[in-house]
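Asker: Modelling step: build the complete structure from the supplied sequences, incorporating the hints.
Quick note, the sequences are listed as chains R and B, same order. Going by this note's numbering, the first residue of the first sequence is number 1, and it counts up by one from there. Going by this note's numbering, the first residue of the second sequence is number 1, and it counts up by one from there.
Because the hints were derived from the structure by calculation, they are not lab data. Quick caveat: nothing in here was measured; it's all calculated off a predicted structure. Positions of the beta carbon are idealized from the N, C-alpha and C atoms, including for glycine. Don't take every hint at face value.
Sample of chain B residues facing chain R (criterion: CB under 7 Å; computed from the structure) [as the list claims (entries may be wrong)]:
#1 144
#2 168
#3 562
Quick look at which bits of chain B chain R covers, simulated, 3 or more residues with Cβ under 8 Å [as the list claims (entries may be wrong)]:
#4 130 to 136
#5 482 to 489
The primary structure of each chain is shown beneath.
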Amino acid sequence: MKREQVIWPIVLISSCVMIWVEVMLGNTNPFRVALTLWFFFVCPGMAYIQSLQIKGLLERWALALALSIIIDMLVALAILYANIWSYILGLNIVIVITLTGTGIYLYRLWMRTHQKMSPSAEES
Amino acid sequence: VIARFRDVSAWQWSILVAVAACFIWALSLGNTDINGMTDIGLLSVLPVTHYLALCIMLVTLCVLIHRNEAPEGVYFVYTLIVILMIHTLPPILYGIPRYSWAWKHLGIVDYIISHHTVNPEIHVQNVYHNWPGFFALTALILEVSGLNSPISFALWAEVVANVLNLLGLILILRSLSDDRRLIWLSALFFSLTNWIGQDYYSPQAIAYFLYLIIIGICLRWFRTTWTVVLPEQSRWPLLQRGLRGINWLLDRAHQTTLSAEATNPLTRFSLMLIVILASVVIIASHQLTPVMLILSTFFLTQFRQSNTKQLPNLIIIIFLGWSLFVAHRYIGKEVWPLIDSLMEISGNVSGGFVNLSDLSPGQQIVAIGGRIFTVFIWTVALAGVIRRIRSHSMDMTAMLLVLGPLVMPIINPYGGEILFRVYLFTLPVIAFLCAAVIFPSRSHGKALGWIGVASMLSIIFAASLYLVYFGKDRQYRFTQNEVDGVRYLYSVAPENSLLVQGSWNYPTQFLNYDHFVYVPITLEDDEVHERIQTDPEEVMARWLSDEDYTASYILITRSMKIQTNTLGELPFNMLDNLEKALLASDKFTLFYENEDVRIFILLQDSGKAGP
Numbered sequence: 001m002k003r004e005q006v007i008w009p010i011v012l013i014s015s016c017v018m019i020w021v022e023v024m025l026g027n028t029n030p031f032r033v034a035l036t037l038w039f040f041f042v043c044p045g046m047a048y049i050q051s052l053q054i055k056g057l058l059e060r061w062a063l064a065l066a067l068s069i070i071i072d073m074l075v076a077l078a079i080l081y082a083n084i085w086s087y088i089l090g091l092n093i094v095i096v097i098t099l100t101g102t103g104i105y106l107y108r109l110w111m112r113t114h115q116k117m118s119p120s121a122e123e124s
Numbered sequence: 001v002i003a004r005f006r007d008v009s010a011w012q013w014s015i016l017v018a019v020a021a022c023f024i025w026a027l028s029l030g031n032t033d034i035n036g037m038t039d040i041g042l043l044s045v046l047p048v049t050h051y052l053a054l055c056i057m058l059v060t061l062c063v064l065i066h067r068n069e070a071p072e073g074v075y076f077v078y079t080l081i082v083i084l085m086i087h088t089l090p091p092i093l094y095g096i097p098r099y100s101w102a103w104k105h106l107g108i109v110d111y112i113i114s115h116h117t118v119n120p121e122i123h124v125q126n127v128y129h130n131w132p133g134f135f136a137l138t139a140l141i142l143e144v145s146g147l148n149s150p151i152s153f154a155l156w157a158e159v160v161a162n163v164l165n166l167l168g169l170i171l172i173l174r175s176l177s178d179d180r181r182l183i184w185l186s187a188l189f190f191s192l193t194n195w196i197g198q199d200y201y202s203p204q205a206i207a208y209f210l211y212l213i214i215i216g217i218c219l220r221w222f223r224t225t226w227t228v229v230l231p232e233q234s235r236w237p238l239l240q241r242g243l244r245g246i247n248w249l250l251d252r253a254h255q256t257t258l259s260a261e262a263t264n265p266l267t268r269f270s271l272m273l274i275v276i277l278a279s280v281v282i283i284a285s286h287q288l289t290p291v292m293l294i295l296s297t298f299f300l301t302q303f304r305q306s307n308t309k310q311l312p313n314l315i316i317i318i319f320l321g322w323s324l325f326v327a328h329r330y331i332g333k334e335v336w337p338l339i340d341s342l343m344e345i346s347g348n349v350s351g352g353f354v355n356l357s358d359l360s361p362g363q364q365i366v367a368i369g370g371r372i373f374t375v376f377i378w379t380v381a382l383a384g385v386i387r388r389i390r391s392h393s394m395d396m397t398a399m400l401l402v403l404g405p406l407v408m409p410i411i412n413p414y415g416g417e418i419l420f421r422v423y424l425f426t427l428p429v430i431a432f433l434c435a436a437v438i439f440p441s442r443s444h445g446k447a448l449g450w451i452g453v454a455s456m457l458s459i460i461f462a463a464s465l466y467l468v469y470f471g472k473d474r475q476y477r478f479t480q481n482e483v484d485g486v487r488y489l490y491s492v493a494p495e496n497s498l499l500v501q502g503s504w505n506y507p508t509q510f511l512n513y514d515h516f517v518y519v520p521i522t523l524e525d526d527e528v529h530e531r532i533q534t535d536p537e538e539v540m541a542r543w544l545s546d547e548d549y550t551a552s553y554i555l556i557t558r559s560m561k562i563q564t565n566t567l568g569e570l571p572f573n574m575l576d577n578l579e580k581a582l583l584a585s586d587k588f589t590l591f592y593e594n595e596d597v598r599i600f601i602l603l604q605d606s607g608k609a610g611p
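Answerer: Here it is, written out as structure tokens:
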């Protein structure tokens, strides 16, 4: 497992933890605003785009931003139309989605590394 | 030392140039007095240093693109800086979101946060309650951020939208050409010709970005090539000859078409899922963008530019599903006007033009400038088509992406805005074709003279953008006083209040917007305007004494007066005269007053109106 391959999972998991702590503590400061924008516009999409075979940095960012907006909006619409509007619920759902994407990426990374290291892979 | 400096390649010098340009740009902001704006808008008050900084950036970027040596990141950062130099002007200089229609969008977010739901049958702005995706998204982010109001989101929305559009655009451009010079000049031209003003805080701004992403994915990862199969029997020689002709054209088109980017099945599946989910989100947010999306994907798939065959059908099904099961209350009322406007092309198109004779001299320049600018851009794009064909490049995909939006005027006038929307949705391709004038193929555009042509076009586009995009800012810019006054009214007025207002042009409906019934004087007919001018006290007293309302107010603001005078929506100075008459009247009293806002109530109602 290369170091650059685990940077994004670390960033994503830290972002999830920090936003959750900030909101639960009820802080109102510019850091919370910046963190919220970062989390909602980048994290959910980037968690999944990392697993895909996309060439080009700009392409990855464009798709990650788009997917983040899509996920956030679908979550917001779901809690709105289900008449269970609560921003904490919405945040928790987006956090779960982000962590799931990060988990999938880490699992695939682990599988790839494991396959490379196994003797059968070396033989083949 | 000199020899060392000579070794430094051109793009490394460009970093210093960019820093210098940014410094000059930042200094120019301090010398801008927005209160001195004339009726040609922001253009009239920006100092020469601002234009100098922008020109330095544009010319340097054109040189960099022409030399084609710099890493891709340099082109991106340069284009980004140009976008920031232009689009951060309103948030930095005004500090308050411009456009009254951005403010009414804030009201829907306020409604969702207050009520935790939407009301598709609400008496005012019900369209947004039927397509609430964007507002639900903002409400969620706003509450998590801990901010009290989304005003700061709206303030910076134009900047965010333009940066997002750049990313979406790159996705499309890289599927149209692999010539870096053509791609980045197109991106620059797109940023300089997007004068429509649909990048403000609105559902369509996000929907447009997702539209670019969908088209980009379809062309980048689902590209296909196509030839017509010729019938074996030559029973119909004419048909066979026709098909052979089509094959020849397709063959020539495919010679310059990039093939789909290779990727694994999981990525292809995931990208298709993104396309479908993005379509759902667009459909849940905006009414027009899904139609544009259906048309564009239809043409791309029918002419086999993308192998997403069932995508248009799927989008139609989701679109109909939303219209019939979620937005049916709104659609039920609007379906007949929609059918009436079908095929009324001239009516649909002409609705978008203002009557020049009504406008102030400055606004006439802005309106005429917009028309000339548009014709100029399309003419340059046409020259680009000719240059591409002469260099054996047939941009079939690009042509199809123009064709889709061009069908729209047949279908709907979209509140008189359809021509502007057609322009916006064709712009990625139009910008590409404009850049193709300079770089029609890899072997063209290498002479130094082309730097001059690219720079000149960039500067002309930028100048036109400043005239048209910022040309109405004298009336579309609001002051903090206006926001404070209106916020006070919206906070204290009881539910079911009557609000007689000079026009819609003020920071409108951003708080408790459903508490009011709105009567803008500009929407009354000429006869009523005449009556108000003859006896303002009597007419207003009659309107405000209507027992159906809990309380009644007259609102007159600075931006209403500017707008009605410059656009000729009311007889000249009518709102000033009305204000003077109400101040002198013993029937009315001032409910609230600051430098830019006056709110009147009937003296007899002063107990009902609030604190």
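Asker: Tell me, in ascending order, the numbers of any earlier hints that this structure violates.
Answerer: 3 and 5
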